[in-house]
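There are 8 protein chains.
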Amino acid sequence: MGDAPPEVTAACPEGAPVNLDFGRQSRRGYPEAVFCAGKTIDQIRLIAREWQRNAADQQALFTRCSPEQAAVVAAELAGTAYDPIARVAAWPAEPPEPTGGLVVVVAAGTSDLPVAREAAVTVERLGRRCELVVDVGVAGLHRVLARVDLLRSAACVVVVAGMDGALPSVVAGLVSCPVVACPTSVGYGAAFEGLAALLAMLNACAPGVGVVNIDNGYGAGHLAAQIAAHVPMDHGQSSVSDQFQ
Amino acid sequence: MGDAPPEVTAACPEGAPVNLDFGRQSRRGYPEAVFCAGKTIDQIRLIAREWQRNAADQQALFTRCSPEQAAVVAAELAGTAYDPIARVAAWPAEPPEPTGGLVVVVAAGTSDLPVAREAAVTVERLGRRCELVVDVGVAGLHRVLARVDLLRSAACVVVVAGMDGALPSVVAGLVSCPVVACPTSVGYGAAFEGLAALLAMLNACAPGVGVVNIDNGYGAGHLAAQIAAHVPMDHGQSSVSDQFQ
Amino acid sequence: MGDAPPEVTAACPEGAPVNLDFGRQSRRGYPEAVFCAGKTIDQIRLIAREWQRNAADQQALFTRCSPEQAAVVAAELAGTAYDPIARVAAWPAEPPEPTGGLVVVVAAGTSDLPVAREAAVTVERLGRRCELVVDVGVAGLHRVLARVDLLRSAACVVVVAGMDGALPSVVAGLVSCPVVACPTSVGYGAAFEGLAALLAMLNACAPGVGVVNIDNGYGAGHLAAQIAAHVPMDHGQSSVSDQFQ
Amino acid sequence: MGDAPPEVTAACPEGAPVNLDFGRQSRRGYPEAVFCAGKTIDQIRLIAREWQRNAADQQALFTRCSPEQAAVVAAELAGTAYDPIARVAAWPAEPPEPTGGLVVVVAAGTSDLPVAREAAVTVERLGRRCELVVDVGVAGLHRVLARVDLLRSAACVVVVAGMDGALPSVVAGLVSCPVVACPTSVGYGAAFEGLAALLAMLNACAPGVGVVNIDNGYGAGHLAAQIAAHVPMDHGQSSVSDQFQ
Amino acid sequence: MGDAPPEVTAACPEGAPVNLDFGRQSRRGYPEAVFCAGKTIDQIRLIAREWQRNAADQQALFTRCSPEQAAVVAAELAGTAYDPIARVAAWPAEPPEPTGGLVVVVAAGTSDLPVAREAAVTVERLGRRCELVVDVGVAGLHRVLARVDLLRSAACVVVVAGMDGALPSVVAGLVSCPVVACPTSVGYGAAFEGLAALLAMLNACAPGVGVVNIDNGYGAGHLAAQIAAHVPMDHGQSSVSDQFQ
Amino acid sequence: MGDAPPEVTAACPEGAPVNLDFGRQSRRGYPEAVFCAGKTIDQIRLIAREWQRNAADQQALFTRCSPEQAAVVAAELAGTAYDPIARVAAWPAEPPEPTGGLVVVVAAGTSDLPVAREAAVTVERLGRRCELVVDVGVAGLHRVLARVDLLRSAACVVVVAGMDGALPSVVAGLVSCPVVACPTSVGYGAAFEGLAALLAMLNACAPGVGVVNIDNGYGAGHLAAQIAAHVPMDHGQSSVSDQFQ
Amino acid sequence: MGDAPPEVTAACPEGAPVNLDFGRQSRRGYPEAVFCAGKTIDQIRLIAREWQRNAADQQALFTRCSPEQAAVVAAELAGTAYDPIARVAAWPAEPPEPTGGLVVVVAAGTSDLPVAREAAVTVERLGRRCELVVDVGVAGLHRVLARVDLLRSAACVVVVAGMDGALPSVVAGLVSCPVVACPTSVGYGAAFEGLAALLAMLNACAPGVGVVNIDNGYGAGHLAAQIAAHVPMDHGQSSVSDQFQ
Amino acid sequence: MGDAPPEVTAACPEGAPVNLDFGRQSRRGYPEAVFCAGKTIDQIRLIAREWQRNAADQQALFTRCSPEQAAVVAAELAGTAYDPIARVAAWPAEPPEPTGGLVVVVAAGTSDLPVAREAAVTVERLGRRCELVVDVGVAGLHRVLARVDLLRSAACVVVVAGMDGALPSVVAGLVSCPVVACPTSVGYGAAFEGLAALLAMLNACAPGVGVVNIDNGYGAGHLAAQIAAHVPMDHGQSSVSDQFQ
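Taken in sequence, the protein lines are chains A, B, C, D, E, F, G and H. Numbers given in the numbering used here equal positions in the first sequence, counted from 1, plus 1148. Numbers given in the numbering used here equal positions in the second sequence, counted from 1, plus 1148. Numbers given in the numbering used here equal positions in the third sequence, counted from 1, plus 1148. Numbers given in the numbering used here equal positions in the fourth sequence, counted from 1, plus 1148. Numbers given in the numbering used here equal positions in the fifth sequence, counted from 1, plus 1148. Numbers given in the numbering used here equal positions in the sixth sequence, counted from 1, plus 1148. Numbers given in the numbering used here equal positions in the seventh sequence, counted from 1, plus 1148. Numbers given in the numbering used here equal positions in the eighth sequence, counted from 1, plus 1148.
Treat the hints loosely; a few may be bogus.
[As the list claims (entries may be wrong)] One side only, chain B facing chain D, incomplete, derived with CB under 8 angstroms:
id, residue
1, Ala1203
2, Ala1204
3, Pro1232
4, Ile1233
5, Val1286
6, Leu1289
7, Val1296
8, Leu1298
9, Ser1317
10, Tyr1336
Quick caveat, the hints were computed from the structure, so don't treat them as lab data. Idealized CB from N, CA, C, for every residue including glycine.
Between the sequences and the hints, there should be enough to build the whole structure, so can you do that?
Encoded structure:
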């Protein structure tokens, strides 16, 4: 009898488990996103269903979404797109037509790719153009210097980096637009799950860096999309200094 | 022979492995609860049996109780109720008739629900009425402002929140009763398993907030039940300021 | 010329430096308090003057108030009382007539006295009766056990302790009312300015403990006054267990 | 002889102690600023002199500048303006004609004023219009809600707060523009010199928040000026939701 | 081919993987112990074999030893005893005849039992008598006070506790012998894997407490055995104060 | 009028500010010590007077005692001895006749001397013989190895060290008696005020080390005196291994 | 349908996932290494293939390489050698002919072996001779003293240690060459995953110690190979002090 | 009488307060240095006198030496040189004739100068040539790139940086020689007294970086001098890659 199911009886008053903020689109101009980590399959299904019923005119974004959770979303919201590296499910299938300035997402190393792609997908879904550049860590400066023109054409640069978190300082020193720095938990022991990169970014010796939470590609992309919103699409620096060319 | 069981011989003097504090009910007015995490199935069975024999007149609460552990409890204490979200097993099946003031449990997000329900079940089992409100994070202030009347009718509000732990400050600024703040481990990397919310709550800019341990819904509910014990049942603020209405 | 005053010109737009929340009394039932640390003498004078003009019917409390700051307050608000150990200035001279249950403030050691007195003054100013007990650390258990009757007559006990922060667990295990735990920064190096006591209190092995910020006697007293507000004045446990007598 | 000056001989090779980055203006669009804390009076004088000689066409900003240091700057750069609260010296006397969108700087409490003013002065000196709003902490929500129209007219909002760092979440939930969050070291012990506010801001439950270093008003202002650079001056939300009105 | 084993070639110079300190018995008076966590089955077998060959006259202790590892030890060292709760394997089957004073091991809660038993087994194996007392946390003071006579007859008391780590202060205040305090990783989130208890114990407000590493029952037992080594076996306090009787 | 003294009125109920535990001598066998840091001159005088009146048969120890505080003690307790390096005042002038085993106090460097002397004075005042050895850090191993004979004749060794805290491991590996490890706050930045040494000592790779609080020489000496209490005075290892000779 | 794969559509712009720095060999003199942890099997295969095509004249090193990953590398780069303890795959099969001085790698305990071997393999692959010494922790000083001659013949000593991290101080005090200290995450709770050893090593009381990241054997070996590069092969101390002999 | 000097009597056994390790020169090849912080004037004088008497053939280095302490040193050791920025006193007046390779010391900012000079003086005193380069932070990459030739001619580069500690990664990526990274405590709040820079340096994404303690210029210089000891004086990279030229 030890392994039989317990005699369970309902306890605790019922509280509505889901209370979506569909007003965010009108209040803030951007729709709410659903953070899926820690939510059950049933909760995800319920949310997707609520979305279908009450906010079918709003774009939906599900972050930290496992393939299993994405399947449930797709079952309720037909045409859902899924990026398995970024672990983001988005609906409808296509992102909106982009407006505003260009966002460039820069990742220091290959291990930072999942977070960088989460940022890039978010940027596109919130209505901006996005370019993704990978493997430009400061240990080989020529790699980032080779992309200075692209960086200087951006309305906002998102820098994703773990380990020493040194890349935002370097990038911010090269451009005039704001830099959004997103630390990742990549690194050996004394990275302390991203703490080292986080602190380095908060202490970036070049001003113009705004930091978001560790591994929070969604937050980085959201902030970048807001920053680029009112920058003209043809923005870019034609008079690039030729110091590195 | 490598994978055969070792030749084990009894070592170490015997110490009574269970020494329950059944006097707590008379000494403090509330019965002891059993924290099940880290206890073996055998230890749980032994405890349930001891309860049946020596304290059958006292209510029993098993927290952090897995379904397997709950099954063992139910086998010994017939009629045990189990809440699989809160992971609480309680006996007897029904909570006592409530006395004292109302406790309102408020959860910032859906991910905080398990802790919030643990608090709510505890409140009811210790003899208070309880209302549970979910998904009222400060990112959408209108949601909490819409519940000001309910909050102001409470003898105590329990606020359960992870991430920035900002909700207790907001709630405490709206009510005259004490607020019990319970941080959760929900959040991205720099939440540091609840540390961010914990520190924010300890620094709540509105006075009247008492903080309990991270994810400790039981402790939050227990404290709230004590606070509400001597508040009249018909307590409530009839003269609510109409600042937000 | 190096040590001559600079040619200073006004820079930065003017922002109103003081914006007191006089509505707190009606909204929450308790008046705002002024945290004086880090405020200039001029800012304190301005605040005291504003109080005199706009809220002369509300009691005023100035915490972390130096003797110099208190002198300025007293110049604007005649009859201000000052407690140099608690560093609290209060106006008018006398606290209100007490209502509700008794609050007992317990300090583990003499070094905790300033914080304990800040709590006690706050309790009285917010309208509750208060008893202060000092030097009852757990290293000499007989001292706290000798006060069990007083502790059990309280509607709320405030425990102020530094070092190992062990006293709240012991007190909470002896009484049925809520315990407000206030850690202090007293101790040798590994006390880490109160962190050790703070963590111990958050992990109190007896339920019923709500923790406030390190050295925050005001916050402890405020919470205790709220908890005791609706407890009958003749509250007390007549049927004290005689386990320790 | 013990207190006579030592027989000192030059040791260590000479290294040029000052190496200003006057190219930053052309490379990034914003001039370098001089962080004065920890620099000697002689170093400050040398820097001011270098500025006068080599970059007299560039605006100069000296942050964390003591009155003594400001006097030295003013002696070299005639017409220097000094803000003793922000501890910023700026030259020439007047800031440039503003372009781009409005920046609103919001401070939770009076104690956050020095950092908020440092941010505001920086914003103006880098060429943006700025409004400063003080004492709108979340403990009295009506205060921030009363300024929603102003907040929604901003191209960027800088939120300066210590203690629980809860204000950025609340503000970001009300506006569509980016929020720059600047934690301050204001608070009781468990604020840990701004760590609590920093962590809370990094965990802001509303997306759209970029965090800068503790007490770094200069960095906050710089980032905000960059964000607002390309936003039309007549930007503003005419269609404000009337949820709070 | 992807899942085929790689073409491996020996790399790296050979270093002797095991280099036991069999001289510790003569140098320090106590034999070396083998910490098994993180060691492979092969390494454990090699060590047991070396012991059999080179130190068959020395007692062997294997700590943090899994049942699988214990089986391997028993295969090499016939008669090995194993305590599955303490996870200690010891050889030969029986501990030595005890000398010196009594060691009392006290555990605050049932969850602390594995560490407490590891301490107790170590005490016995190093040649002292041992009594184990469980479930005497400070939340129910009467439980520890009921054992004062036993505690006062000890040459050394080992206190094992997680959560608030308050028990060593209380025990040290009651006895004249040294107290060895061993924090455990038991507790809710803010226990931070034993950090809270560790700090509390280092700040014990009663002098006479020596602290060992978190969950290090072996270290606690070893130190206690050394402390009790030269205390007469008939040691004990006949003139116990009757304060608690 | 701004700098005139404020109109102060007594606030807060009176609590007895001093409540000495004179029963500790009979309960624990060692008298209470007075920790002077943070106490006012008046409080010290009151304590010294109480001692004179109520416990003139008990030895008195005042730790962290400034010369000013010591003068007040000496005025009340004639013949008080003062050690300005250890900052300890003791009364009566001479320590008691020693009993039990020898305690050796070892300091890694000259900067650790104040803490080491505090430990040594405490050891003598609590009735044990004491030898003090300074400047035997592990960077010059020959220095500690040259004292092996002395170390092996001890009933307890107290090791005082800052920086890397490596000395206790080395000493504990050389002797059979218990080692009391006292970390100091000596060191460069990453010593973090003694945290580095504290953690190293808790992780000492040789068993038999009990750790006390950072810079707590009193606590180290007290524990050592207890450990050595029942060791015969002629204790010592006659058969020292000649490994290092 | 809940467990069916989701309707996935490509999202996010393509970014080149791999961007190897083959220029590092000519720029720095040492080839890039591939950190495999967190990389997918497909990414590893792609990298190995790129290496084969574009840098077949450069030696390849894959660190933190699982057997499965190593198999993929070996399939692309024939003759790859794999060390399953160090978890390093290297190609071609044999390391280069050694030049420069000898590197001695010293591991405190058996549990430190994986990190020590990673260091040793790296040293050999970067072109230096290497000797590996294991189990010479400071708890048994005679073990390290017995190897003084070998240590003094080294151009660089790598010390790998967990727990108290005391070994680098001891070794650095015995030799004239630089010491590279590599902390490991080995130890009980308060080792905090290598933090204790890291801090101890940064605070080594003997100068001449450079510290690398926790468990970063590759980094330690790389630095040591650089240090030994220009030291003559016949380097060594013929005039060893006989202090320990 | 309260402010009269106390009746002090000698307490505590005498321990030799100074025990210099003059054997270090022959054992390690480098003389001991005296860390003056925390030492009294009398202790410094005693040490200088001992040096004069017992080691007049050895060079003396006094670090963290105040002008007052330097005066005392100079009185005992005639011809002592003092660097007031580095706070180093050295004797005799001139450093030894340099041997081995060049050491380049690089400081990110002017505020890092004291630590950088302490490193440079140490390098020279231990017998190496040294070049000091200041103000080459990564926020203006052109500054460090302009010195690539110098950096590549070094046998060892010492990088001194606070804030984000990003410079070592950048430098190590440009050179083949070892980099010694020394974090400083320079920066805003979240620099946490050098912790941010320390962690960033430990996580440097370019291998070949050895880290020393925060603000420990002496340790950095010592390690660099050892690394450069056996590098030929004419070392240098003639075949510099022209990637940045």
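Hints, verified against the model:
Contact between B/Ala1203 and chain D, as hinted, is not supported at the beta carbon level, the nearest pair being about 39 angstroms apart and thus beyond 8 angstroms. A cut of 8 angstroms between beta carbons decides the hint on B/Ala1204: the least distance to chain D is about 44 angstroms, and the hint is violated. Interface restraint check: B/Pro1232 against chain D, minimum CB-CB distance 27 angstroms, threshold 8 angstroms, status violated. With 8 angstroms as the threshold, the beta carbon of B/Ile1233 stays out of range of chain D, its nearest partner Cβ sitting at about 21 angstroms, so the hint is violated.
For B/Val1286, the interface hint holds, the least distance from its beta-carbon to any beta-carbon of chain D being 5 angstroms, beneath 8 angstroms. Below 8 angstroms, beta-carbon pairs count as interface contacts, and B/Leu1289 has one with chain D at about 6 angstroms; its hint therefore holds. For the restraint placing B/Val1296 at the interface with chain D, the shortest Cβ-Cβ distance is roughly 10 angstroms, beyond the 8 angstroms limit, so the hint is violated. Annotation: B/Leu1298 was flagged as interfacial toward chain D, and the flag is violated, the nearest CB pair being 17 angstroms apart, outside 8 angstroms.
The interface hint given for B/Ser1317 is met, as the beta carbon of that residue sits about 5 angstroms from the closest beta carbon of chain D, less than 8 angstroms. Taking 8 angstroms as the C-beta contact cut-off toward chain D, the hint placing B/Tyr1336 at the interface holds, the least distance being around 7 angstroms.
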